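S.K.: Listed here are the chains, written in short residue letters.
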Amino acid sequence: MSSENFDPTLIGFLCTWCSYTGADLAGTARMTYSPNIRIIRVMCSGRVDPQFVIKAFKEGADGILISGCHPGDCHYKEGNYKALRRHRLLRKMLEQFGIEKERLRLEWVSAAEGAKFQNVCDEFTEQIKELGPLNIMKGDINEYREA
Amino acid sequence: MSTEKPKVAFYWCASCGGCEEAVIDLAEDILKVTAAVDIVFWPVAMDFKKTDVEAMEDGSIAVSFINGAVRNSEQEEMVNLLRRKSGLVVAFGSCSHLGGIPGLANFWNRKTIFNSSYHTSPSTDNPEGTIPQEKHIMEDGKELTLPRFYDTVYTLDQVIDVDYYLPGCAPPKHLIMTAITAILEGKLPSKGAVLSPNKSLCDDCGRNDSKPEKLAIKAVKRPWEVEMDNEKCFLAQGIICMGPATRSGCEERCILGNMPCRGCFGPTDQVYDQGAKFLGAFASLLDSDDEEEIEKIVNTIVDPAGTFYRFSLPSSILRRKRMETVK
Amino acid sequence: MVNLKIDGKTIQVEDGITILQAAEQQEIKIPTLCYHPLMEPYAACRVCVVESISGKGSELVTSCNTLVKNGMEIQTASDKALFARRMNVEMLLAQAPAAVPVQELAKELGIEKTRFKIKDPDEKCILCGMCVRACEDIVGASAISFLQRGQHREVCTPFGEQSEACIGCTACAFFCPTGAITVEDLHGRKVIHSELDLGPSTAIRVPIRQAVPMVPFIDEEACIHFKTGECKICSDVCQKEAIDHEAQDEEIELEVGSIILASGFKSFDPSLIPAYGYGRLDNVITALEFERLVNASSPTGGKILLSNGEEPKSVGIIHCVGSRDENYNEYCSRVCCMYSLKFAHLLKEKTSADIYDFYIDMRCFGKGYEEFYHRLLHEGTKFIRGRVSEVSDMALSKEEEGKLIIRVEDTLIGVVRRIPVDMVILATGLEPGTDSNQIAKVFNISCSQDGFFLERHPKLAPVSTFSDGIFLAGTCQSPKDIPDTVAQAGAAACEALALADKGKFDLEPITAEIDEELCAGCQICVGLCPFTAITYDKEKGISEINDALCKGCGTCVSACPSGAAQQKHFRDKQIFAEIEGIFIE
Ligand code: SF4
Ligand code: SF4
Ligand code: SF4
Ligand code: SF4
Ligand code: FES
Ligand code: FES
Numbered sequence: 087m088s089s090e091n092f093d094p095t096l097i098g099f100l101c102t103w104c105s106y107t108g109a110d111l112a113g114t115a116r117m118t119y120s121p122n123i124r125i126i127r128v129m130c131s132g133r134v135d136p137q138f139v140i141k142a143f144k145e146g147a148d149g150i151l152i153s154g155c156h157p158g159d160c161h162y163k164e165g166n167y168k169a170l171r172r173h174r175l176l177r178k179m180l181e182q183f184g185i186e187k188e189r190l191r192l193e194w195v196s197a198a199e200g201a202k203f204q205n206v207c208d209e210f211t212e213q214i215k216e217l218g219p220l221n222i223m224k225g226d227i228n229e230y231r232e233a
Numbered sequence: 025m026s027t028e029k030p031k032v033a034f035y036w037c038a039s040c041g042g043c044e045e046a047v048i049d050l051a052e053d054i055l056k057v058t059a060a061v062d063i064v065f066w067p068v069a070m071d072f073k074k075t076d077v078e079a080m081e082d083g084s085i086a087v088s089f090i091n092g093a094v095r096n097s098e099q100e101e102m103v104n105l106l107r108r109k110s111g112l113v114v115a116f117g118s119c120s121h122l123g124g125i126p127g128l129a130n131f132w133n134r135k136t137i138f139n140s141s142y143h144t145s146p147s148t149d150n151p152e153g154t155i156p157q158e159k160h161i162m163e164d165g166k167e168l169t170l171p172r173f174y175d176t177v178y179t180l181d182q183v184i185d186v187d188y189y190l191p192g193c194a195p196p197k198h199l200i201m202t203a204i205t206a207i208l209e210g211k212l213p214s215k216g217a218v219l220s221p222n223k224s225l226c227d228d229c230g231r232n233d234s235k236p237e238k239l240a241i242k243a244v245k246r247p248w249e250v251e252m253d254n255e256k257c258f259l260a261q262g263i264i265c266m267g268p269a270t271r272s273g274c275e276e277r278c279i280l281g282n283m284p285c286r287g288c289f290g291p292t293d294q295v296y297d298q299g300a301k302f303l304g305a306f307a308s309l310l311d312s313d314d315e316e317e318i319e320k321i322v323n324t325i326v327d328p329a330g331t332f333y334r335f336s337l338p339s340s341i342l343r344r345k346r347m348e349t350v351k
Numbered sequence: 291m292v293n294l295k296i297d298g299k300t301i302q303v304e305d306g307i308t309i310l311q312a313a314e315q316q317e318i319k320i321p322t323l324c325y326h327p328l329m330e331p332y333a334a335c336r337v338c339v340v341e342s343i344s345g346k347g348s349e350l351v352t353s354c355n356t357l358v359k360n361g362m363e364i365q366t367a368s369d370k371a372l373f374a375r376r377m378n379v380e381m382l383l384a385q386a387p388a389a390v391p392v393q394e395l396a397k398e399l400g401i402e403k404t405r406f407k408i409k410d411p412d413e414k415c416i417l418c419g420m421c422v423r424a425c426e427d428i429v430g431a432s433a434i435s436f437l438q439r440g441q442h443r444e445v446c447t448p449f450g451e452q453s454e455a456c457i458g459c460t461a462c463a464f465f466c467p468t469g470a471i472t473v474e475d476l477h478g479r480k481v482i483h484s485e486l487d488l489g490p491s492t493a494i495r496v497p498i499r500q501a502v503p504m505v506p507f508i509d510e511e512a513c514i515h516f517k518t519g520e521c522k523i524c525s526d527v528c529q530k531e532a533i534d535h536e537a538q539d540e541e542i543e544l545e546v547g548s549i550i551l552a553s554g555f556k557s558f559d560p561s562l563i564p565a566y567g568y569g570r571l572d573n574v575i576t577a578l579e580f581e582r583l584v585n586a587s588s589p590t591g592g593k594i595l596l597s598n599g600e601e602p603k604s605v606g607i608i609h610c611v612g613s614r615d616e617n618y619n620e621y622c623s624r625v626c627c628m629y630s631l632k633f634a635h636l637l638k639e640k641t642s643a644d645i646y647d648f649y650i651d652m653r654c655f656g657k658g659y660e661e662f663y664h665r666l667l668h669e670g671t672k673f674i675r676g677r678v679s680e681v682s683d684m685a686l687s688k689e690e691e692g693k694l695i696i697r698v699e700d701t702l703i704g705v706v707r708r709i710p711v712d713m714v715i716l717a718t719g720l721e722p723g724t725d726s727n728q729i730a731k732v733f734n735i736s737c738s739q740d741g742f743f744l745e746r747h748p749k750l751a752p753v754s755t756f757s758d759g760i761f762l763a764g765t766c767q768s769p770k771d772i773p774d775t776v777a778q779a780g781a782a783a784c785e786a787l788a789l790a791d792k793g794k795f796d797l798e799p800i801t802a803e804i805d806e807e808l809c810a811g812c813q814i815c816v817g818l819c820p821f822t823a824i825t826y827d828k829e830k831g832i833s834e835i836n837d838a839l840c841k842g843c844g845t846c847v848s849a850c851p852s853g854a855a856q857q858k859h860f861r862d863k864q865i866f867a868e869i870e871g872i873f874i875e
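Chains as they are written, first to last, in the numbering used here: chain A, 87 to 233; chain B, 25 to 351; chain C, 291 to 875.
Misleading hints may appear alongside valid ones.
As the list claims (entries may be wrong) - Below 20 Å or equal to it, Euclidean Cα-Cα: the simulated DMTMM-like pairs (lysine to aspartate or glutamate) are:
hint : chain 1 : residue 1 : chain 2 : residue 2
1    : A       : K187      : B       : D327
2    : B       : K31       : B       : E78
3    : C       : K830      : C       : E807
4    : C       : K830      : B       : E237
5    : A       : K202      : C       : E620
6    : A       : K224      : C       : E870
7    : C       : K593      : C       : D572
8    : A       : K178      : B       : E237
Unchecked claim - To be clear about the criterion: a stretch of chain B counts as covered by chain A if any three or more of its residues have a C-beta under 8 Å from a C-beta of chain A, and this derived list gives those stretches:
hint : segment
9    : 311–318
10   : 332–342
Hints were generated in silico from the structure; no laboratory data involved. Fair warning: this is a prediction, and the values are worked out from it, not measured in the lab. Positions of the beta carbon are idealized from the N, C-alpha and C atoms, including for glycine.
This is chain A alone, in the form it adopts within the complex (with noise of 0.2 Å):
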């Protein structure tokens, strides 16, 4: 796939209080922002376990989105200093899949700022765009045999 017309798919993981609020506010006030992400609500950032991450990845998202409220702002009070040590270990682990570590992003997106998801949205995809397609192999045994 050429990476002009590449559509990355992205997946985001969003917190129901803030950031899903946030791209809800987005909606409601009808600002446009790339089609490409899909988003899984998830009660807080605190839910995300890395094993979503990496079924993600490996189910063909070319980028990953973990957004909670801001730090100190997380309706459960700490669940977002979870999902941010879990994103700095995991990005750093992915690299080691040869997965770059702006393929997983974490933003603190709150529920009044839906210019802000709608920023990080287009800005993700734009990233992502350039970094070009994951390629993550899907699991017939037959594609791993060679490179």
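Assemble the complex: chain A is given as a structure, and chains B and C with the ligands must be docked to it using the hints.
M.R.: For chains B and C with the ligands alone, coordinates are given in the frame of chain A:
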């Protein structure tokens, strides 16, 4: 067939040989086994040929115990053959169950492995730069072949259908014996089961009660960097112990040797990816809410992928490093 | 009890009161000057003299400080008493000929002029010392005292200079019976506008006239007691003995089922826009200050006056101050157009000034609002469409002299105009309360971009927040006018009541659960729960979640390394399926 003893085969793919050793380690118990079964194929100990197996009727072997991962064409061929001939196939040991230590090769590919093994490793003496060829025509016209070395290491169940798993590097004696007894008595659990308790190691671990009320990790130490307390939970000492993300059943043999668990039993049934799951747990314990400080602690973890997926890389969701980024 | 006779009448009064008080009870009037019920009597003026007859003889006593005695006989207006009183008043008249109460008393007693020598015809002080004692005994400041003696005696600050001990409480002037003491504005201005700020009028007061409950409070900043430790006059006069100067701020813990936040707004501070001259130019006032000025209870009694006390001949009202402006607040404050129109109307009603109204857009959104605007158009208010760039006092022409000049681009005719006026009213916008961020933190709710509290959903849950049981009303949620505030407050009250009525509220069924068959008791989850919902049961060797405490964040679930903890409706399996679903072609 009722008068005959059930036929059993053992086979060895990409592994260190420790699992074969484990069978030998059954000691006098092995006599009970040989009394009850007829070993029809065991290359490491008895002289059978592939053609002998080919000659058998399909499904005539009651159970094949296959250890080792699958990483070349010969292994692939052999396990397919055994699958055809066997009623049951048991993946024996971490390597066939999860990929095991050989599975760490999935951070590389054939080219880089050959390059290291045949060119750059310090112990290599190979002035002509010879690397294995799959086909060679001798002067007398004879064709010699070597199996094809794959880019990726597979678990056994990625290549053939597997009925049961005996986990461990290597599987401990008591589990082997229970498994064999169960097979002989026909008291098997449902297909696909891992023949070890579905709780993580902390459940058995004698150090579990030494955990502080709140686990918090300020810096991560490798076992040789500290003088280890031989009673305190490793996590409480800042040492990575995969025990909480690893199935129990090993009788905590590493812990008893004052070494943290490395995860050879693989994850419990509910977990999709041992490494990612452990990462999720471990990272949560890092004792800081500050970005910079978190980075700092993360930097004390030298090789997260190699540590968290030490035994399970081929069986993990991603299975291997992205091919195009292997250098 | 004491039995005595006053002006021939036998009476019985309680012990320990003065003759003056006893007479007062009988509605017999004895004139006084240096007497005040809040002060210890001192008997300086001696106009309260009465005749006390005992046995054969009689004597003159000052009734304000002489206590009643059994068998006493008092004549308040006998010849002897009146003679003495006249003499005393004549002497006071010589001392303080300009003192009105003394003049009145003299007239009452038939004194035409004093026979004594008048030292200073403008003097008002009778040297009763009320002021000195007020300052010393009541206020505790001792800033003034008597200077010199005898004929030259006068009341003064030490050395006649401005006293540092004076706290400016004006108690001396209050107690002075003759109006001899006036409090002077140090800066010598006759600025009524400086009184406009809504600051304290007295140290003890009700917050506002519409306050509910209508209970006064003591402003520690202004109260004399908190400056000098004395005074406490308010508690002397309060018959209910409701005043307690020792009372401390208290933290009261209430257990409630729901909470309505109605913490209001803060008015935009127009000094942030230096070009409008607020705080620098006289007669540039804010909307709130204008409200205070026109209020019947204002310092001007509701008269609209300039700082020099004159009525303005022209007034400019500037809309959108601090609103609809990227440099300050981007949003529309919603109420300023309408209150500005109200001001214009009030100005028309109360003055004959020319009124200019500078607006960007006229936002008359509500019921009857557009009609009101039309009425104003007919009343002759001059509406100029354009944002005012500057208010200055730099006159360029004769007619601009002494005026405030409003510079504006009149966008309807496309010219920049200079409009001289006497008074400028800034229609300041509404901002979130200064501490709204802290409040939001306490209640675990969010603020929108502009800093006002965020409602749960702009259309479907406009009075709820993201925290169950916490509701919003009024301007803390967004700028709004009174009808909207009342409507929202009503809705919030209903929601709160509905919740309280039910007596319980439904938890979302998203709590986490630990499968005891699978939990290894590794305790990784235990310390991670922000609500300490998880405990480790040593006996069973497993961890357990308290369903009532778990709020369902799922942190423990994504940490549980053996997959024993799962969150209802957000199970690993379910999220994995969601991920897979996304990639189904
Ligand atoms: S973390 Fe390791 S050392 Fe600690 S209790 Fe679990 S298995 Fe034992
Ligand atoms: S402690 Fe861990 S690494 Fe060691 S044998 Fe047991 S499961 Fe394997
Ligand atoms: S889901 Fe959150 S609140 Fe509930 S027990 Fe787990 S960590 Fe605590
Ligand atoms: S993390 Fe999981 S296995 Fe460990 S105690 Fe908690 S629920 Fe049990
Ligand atoms: S609720 Fe938003 S990050 Fe926790
Ligand atoms: S009133 Fe009694 S002496 Fe002045």
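S.K.: Work down the list of hints and note, for each, if the structure agrees.
M.R.: Do the hints match the structure? See the list:
no. : hint            : result
1   : A:K187 - B:D327 : 15 Å, holds
2   : B:K31 - B:E78   : 15 Å, holds
3   : C:K830 - C:E807 : 11 Å, holds
4   : C:K830 - B:E237 : 17 Å, holds
5   : A:K202 - C:E620 : 17 Å, holds
6   : A:K224 - C:E870 : 12 Å, holds
7   : C:K593 - C:D572 : 17 Å, holds
8   : A:K178 - B:E237 : 29 Å, violated
9   : 311–318         : holds (count 4)
10  : 332–342         : holds (count 4)
Going through the hint list in order, the structure does not satisfy hint 8, though it satisfies all others.
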